[in-house]
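S.K.: If you read the sequences in order, they're chains E and V.
According to numbering that gives the first Met the number 0, the residues represented by the first sequence are 0 to 493, in order.
According to numbering that gives the first Met the number 0, the residues represented by the second sequence are 0 to 212, in order.
Incorrect hints may appear among the rest.
Within a straight-line C-alpha distance of at most 27 Å, the following computed DSSO-like cross-link-like pairs (lysine-lysine) qualify [said to hold, decoys possible]:
id: 1; chain 1: V; residue 1: K78; chain 2: E; residue 2: K488
id: 2; chain 1: E; residue 1: K404; chain 2: V; residue 2: K112
id: 3; chain 1: E; residue 1: K404; chain 2: V; residue 2: K131
id: 4; chain 1: E; residue 1: K488; chain 2: V; residue 2: K51
id: 5; chain 1: V; residue 1: K74; chain 2: E; residue 2: K392
id: 6; chain 1: E; residue 1: K42; chain 2: E; residue 2: K458
id: 7; chain 1: V; residue 1: K86; chain 2: V; residue 2: K116
id: 8; chain 1: E; residue 1: K392; chain 2: V; residue 2: K78
id: 9; chain 1: V; residue 1: K74; chain 2: E; residue 2: K8
id: 10; chain 1: E; residue 1: K392; chain 2: V; residue 2: K51
id: 11; chain 1: E; residue 1: K488; chain 2: E; residue 2: K392
id: 12; chain 1: E; residue 1: K488; chain 2: V; residue 2: K86
id: 13; chain 1: V; residue 1: K86; chain 2: E; residue 2: K392
id: 14; chain 1: E; residue 1: K8; chain 2: V; residue 2: K131
id: 15; chain 1: V; residue 1: K172; chain 2: V; residue 2: K116
id: 16; chain 1: E; residue 1: K8; chain 2: V; residue 2: K112
id: 17; chain 1: E; residue 1: K42; chain 2: E; residue 2: K148
id: 18; chain 1: E; residue 1: K132; chain 2: E; residue 2: K97
id: 19; chain 1: E; residue 1: K404; chain 2: V; residue 2: K74
id: 20; chain 1: V; residue 1: K51; chain 2: E; residue 2: K404
id: 21; chain 1: E; residue 1: K488; chain 2: V; residue 2: K74
id: 22; chain 1: E; residue 1: K44; chain 2: E; residue 2: K129
id: 23; chain 1: V; residue 1: K78; chain 2: E; residue 2: K8
id: 24; chain 1: E; residue 1: K44; chain 2: E; residue 2: K97
id: 25; chain 1: E; residue 1: K404; chain 2: V; residue 2: K78
id: 26; chain 1: E; residue 1: K8; chain 2: V; residue 2: K86
id: 27; chain 1: V; residue 1: K116; chain 2: E; residue 2: K8
Bear in mind the hints are in silico, worked out from the structure with no lab data behind them.
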Amino acid sequence: MNLLRLAWKNIIHNPLTLLLNLILLALGIGLINFILLFNTQLKQKFENNLAGIDMVVGAKGSPLQMILSSMYQIDAPTGNISIKEAKPFLRDGHPLIKKAVPLSMGDSYRGYRIIGTDHSILELYGGELKEGKLWQNLYEVTVGANVAKSESLSLGSTFKSAHGFNDDEDLEHEHGALTVVGILEPTNSVLDQIILVSTESVWSVHDHDHDHEEENEEDSHVGHAHDDHAGHDHSGHDHSGHDHTEHDHASDHSSDHAGHNHDHAEDHSGHNHEHAHDHSDHSGHDHSGHEHAHTDDHRNDMSRAHLLTHADKDITSILIQFKSRTNFQALNMPRNINENTDLQAASPAYEINRLYDMMGIGTKALQWLALLISLVSAISIFVSLLNSLRQRKYELSLLRVLGGKPITLFSLILIEGLILALLGYVIGMLLSHFGMSLLGDSLSSKYNYQFQPWATHGKELLIFGITLLLGMGAAVIPAIMAYNTDIHKNLSVG
Amino acid sequence: MISTSSLSHSYNSKLRFDFPDISCNAQESLLILGQSGVGKTTLLHILAGILKPTQGEVTLKGTSLYNLNPNAIDKFRGKNIGIVFQKPHFIGSISAEENLYMAQKVATGGADKAHVKSLLDQLQLSHRRTAKTHTMSQGEQQRLSIARALVNMPEVILADEPTSALDDVNCQKVVQLLDEQASQVGAALIIVTHDNRLKDIYSDYVELNNAIS
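Looking at chain V on its own, in the form it has when it is part of the complex:
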């Protein structure tokens, strides 16, 4: 489904990250572990089509991502990649539900109300659907952020440190939720984290160990 080959990115002559080749198929999960400063976010952004790597390529559904023009990458990302950020960011002026509609609108130009409703139900957010996001609890915000990643039924879900701020119980819950939802839409799930607790859950993981030269 998604795979990379010989990815490498340099911010400048001194700061260069080389990444191992990875691949993850639909319905599968891949954990990418690494301590701070090894280029986790850089890799995530490269995988998401946000940051063009200096070298190498990302292939998704047979499409080489960075061979597309910038506008097409935005469009492609919107349709095929769902991202759960470390800190949930939302559009503050509109409600929880409207944030999901906005995500649909921007990516596909349409609105699938039934899908939004069922997502809100599954993630126990129905009672908060008209709430402004800044009034929601951290847990609610995280669930909404997952809902948004899923709203366009992506091929790949990228999660950036989804559990680092959570206690063990909630960590477990969130990981479970991500797994469930990813397999429900038939997406590949890639979690990028430094949270070693997740090693116990996922047998399949890649460890990043870029040395900063």
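Bound-form chain E, shown alone:
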């Protein structure tokens, strides 16, 4: 029967007081840690995915939205830009640009975004093949580690992409079943949760759909590429049924892409493009021969030069690394682009900091609330210790009579405060990590972002120290009072 045990028994002797104290303390600590945990992991996610990208170029709109969609696979893209507009950034030999990665978005599979791009994207995120090979030919995909794992995709798996970014089977594309040819190693970056295809594949999937639309509706459904859908609401948008009479897609876009289905035929007049000219033969939707025709060499050509030949095709955005971050011209480039072109350029670091700032207000408010709760809990511990002291004055005198020194009583009360603090800390930590795992689940189902809810961070030790101080602070005055117990007086009364 030592002091620690006695302190513990004293604490649990009053279960309701204990409960109240613990709820308050755990709530305060839990909330503080939850905020820290979430902020830390979110920042980590954002920073891991900065990947040395200095600038993103895309269609005009919200710069933050463009960054979020292009770099973090959150939110819809701002629109599309034509290859013609993008050409200055994508061609080799730009004096300021080290690397430029074109992105084409618009489709997804089970909520995982399909990104049309070339192999240069791997260098940004340090992506390496785990098995298989990189995407090359039309409809070949290489998938990120998380995608492969959660959708149980292996080499040779095939799936059909869906239009838009929601997991909605109604929006499935009729054509162009994609085949997994490679799986990437985990990179702990956004690369883990995307599906990589060639830009040509993205165009092709959409070309097909529109080919059929044209068959059914003899209207001028021109230039209806995948990109026109970006940023639009596609709920109930039935692409597979070919019933588009109620949708006026032509009004949805202003750029002139007339006859885009035949673009490549024109650009590559030397090639034999039978398929491009015989759409009328496709009634009945039998495309077995069709797909063959598409495996023509040029459609499997992923070179930048080849991409640039499609001057009036669209991509979504370009991720850009500068040769030098301190170069004056490079620093001015986003502003020049925004002022002098129809494109929009934004700096990820700047936009993400803006996002932190915006989140910061809410975070701050929550933090203050958490601090307030912690303070109230300290007061509650203080008051309950003081009350118990009054009720236990005989007990404390008794301990002295039995041979206990004043410091023994001081220690007893202090230990009681510390035990409360320790319990509050443990429960608070469990609460915060449990909360994080709930939030992580919801975020991962919504955005496919994986969090590590049970990972600790350095500040948890700091919180531990502060909690102990809190417990000690609440207990020290009652402990001093116990130290000064006047046993003669206490035992003389009654």
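Please build the complex by placing chain V on the supplied structure of chain E, with the hints as guidance.
M.R.: Chain V in isolation, oriented as in the chain E frame:
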């Protein structure tokens, strides 16, 4: 064993108690009688090392109690003096048995389980050893309080009004129990009381008659 010389205590200029010299050897019993307000509790607290007297000294086992520093007095008391209070006070959060262990722990830092067990047996408390003290009857509480006074095998047992709330039969029993137990551990027993019934039992008594001036 325990003796006092020219003890006197003043709470203030108006309230002053002078006490006759007393002494009590091992295996002996001493009854200190006095009506309310004559300083019975004051004397008991002085004897127990709880209250430093204004004058005089208490000698126990050759040690002058109030020459020790306060911490040493606490330690000395815990080891050598067992006290039975008028109202039995216990630590409410722990069981009867644990109260005894706690008394051992605080006084000596150790635990003598065999001794605790035999005490509980002798005082017919074995069946209540895991009970919280507030669930025990008054008689059980008083016996437990005696057990606690004995648990460290003290040299002196001080009993403060141990019988005042009891009927004649139980009064007899408690006094008998105290005597038995005190002589078993070879301790001096000092009973401070206003209960005149005890005069018939103890031939040797000191009467306090401080007049409140």
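S.K.: A separate judgement is required for each hint: does it hold in the structure or not?
M.R.: Now the hints, each set against the structure:
1. About 22 Å separates the Cα atoms of K78(V) and K488(E), which keeps this hinted pair within 27 Å; it holds.
2. About 23 Å separates the Cα atoms of K404(E) and K112(V), which keeps this hinted pair within 27 Å; it holds.
3. A hinted pair counts as satisfied when its Cα atoms are at most 27 Å apart, and K404(E) with K131(V) qualifies at roughly 25 Å.
4. The hinted pair formed by K488(E) and K51(V) meets the criterion: a straight-line CA distance of about 13 Å does not exceed 27 Å.
5. Between the alpha carbons of K74(V) and K392(E) the distance comes to roughly 20 Å, so the proposed pair stays at or under 27 Å and holds.
6. Restraint check: the Cα-Cα separation between K42(E) and K458(E) comes to about 15 Å, which is no more than 27 Å; the hinted pair holds.
7. This hinted pair checks out: K86(V) and K116(V) have alpha carbons roughly 24 Å apart, not beyond 27 Å.
8. With a C-alpha separation of about 22 Å, the suggested pairing of K392(E) with K78(V) holds against the 27 Å cut-off.
9. Annotation: proposed proximity of K74(V) to K8(E) holds, straight-line Cα distance about 24 Å (limit 27 Å).
10. Taken as a hint, the K392(E) and K51(V) pair is honoured in the structure, with Cα atoms around 20 Å apart against an allowance of 27 Å.
11. The hinted pair formed by K488(E) and K392(E) meets the criterion: a straight-line CA distance of about 10 Å does not exceed 27 Å.
12. The suggested pairing of K488(E) with K86(V) holds, with an alpha-carbon distance near 15 Å, which does not exceed 27 Å.
13. The suggested pairing of K86(V) with K392(E) holds, with an alpha-carbon distance near 14 Å, which does not exceed 27 Å.
14. Straight-line distance between C-alpha atoms of K8(E) and K131(V) comes to about 12 Å, which keeps the hinted pair within the 27 Å bound.
15. As the CA atoms of K172(V) and K116(V) are separated by approximately 21 Å, the hinted pair is consistent with the 27 Å bound.
16. With a C-alpha separation of about 20 Å, the suggested pair K8(E) and K112(V) falls inside the 27 Å cut-off, and the hint holds.
17. Simply put, K42(E) and K148(E) have alpha-carbon atoms about 24 Å apart, close enough for the 27 Å limit, and the pair holds.
18. A distance of roughly 25 Å separates the Cα atoms of K132(E) and K97(E); the hinted pair therefore holds under the 27 Å criterion.
19. Of the supplied pair hints, the one linking K404(E) and K74(V) holds, its CA atoms being roughly 7 Å apart against a limit of 27 Å.
20. Under the criterion of a C-alpha separation no larger than 27 Å, the hint pairing K51(V) with K404(E) is consistent with the structure, at around 16 Å.
21. For the hint pairing K488(E) with K74(V), the CA-to-CA distance comes to about 20 Å; that is within 27 Å, so the pair holds.
22. Only pairs whose Cα atoms come within 27 Å are accepted, and K44(E) paired with K129(E) is accepted, the gap being roughly 22 Å.
23. Only pairs whose Cα atoms come within 27 Å are accepted, and K78(V) paired with K8(E) is accepted, the gap being roughly 25 Å.
24. This hinted pair checks out: K44(E) and K97(E) have alpha carbons roughly 24 Å apart, not beyond 27 Å.
25. A threshold of 27 Å between alpha carbons decides the hint, and for K404(E) with K78(V) the separation of about 13 Å falls inside it, so the pair holds.
26. This hinted pair checks out: K8(E) and K86(V) have alpha carbons roughly 23 Å apart, not beyond 27 Å.
27. Proximity of K116(V) to K8(E) is assessed by CA-CA distance (about 22 Å); at most 27 Å being required, the pair is judged to hold.
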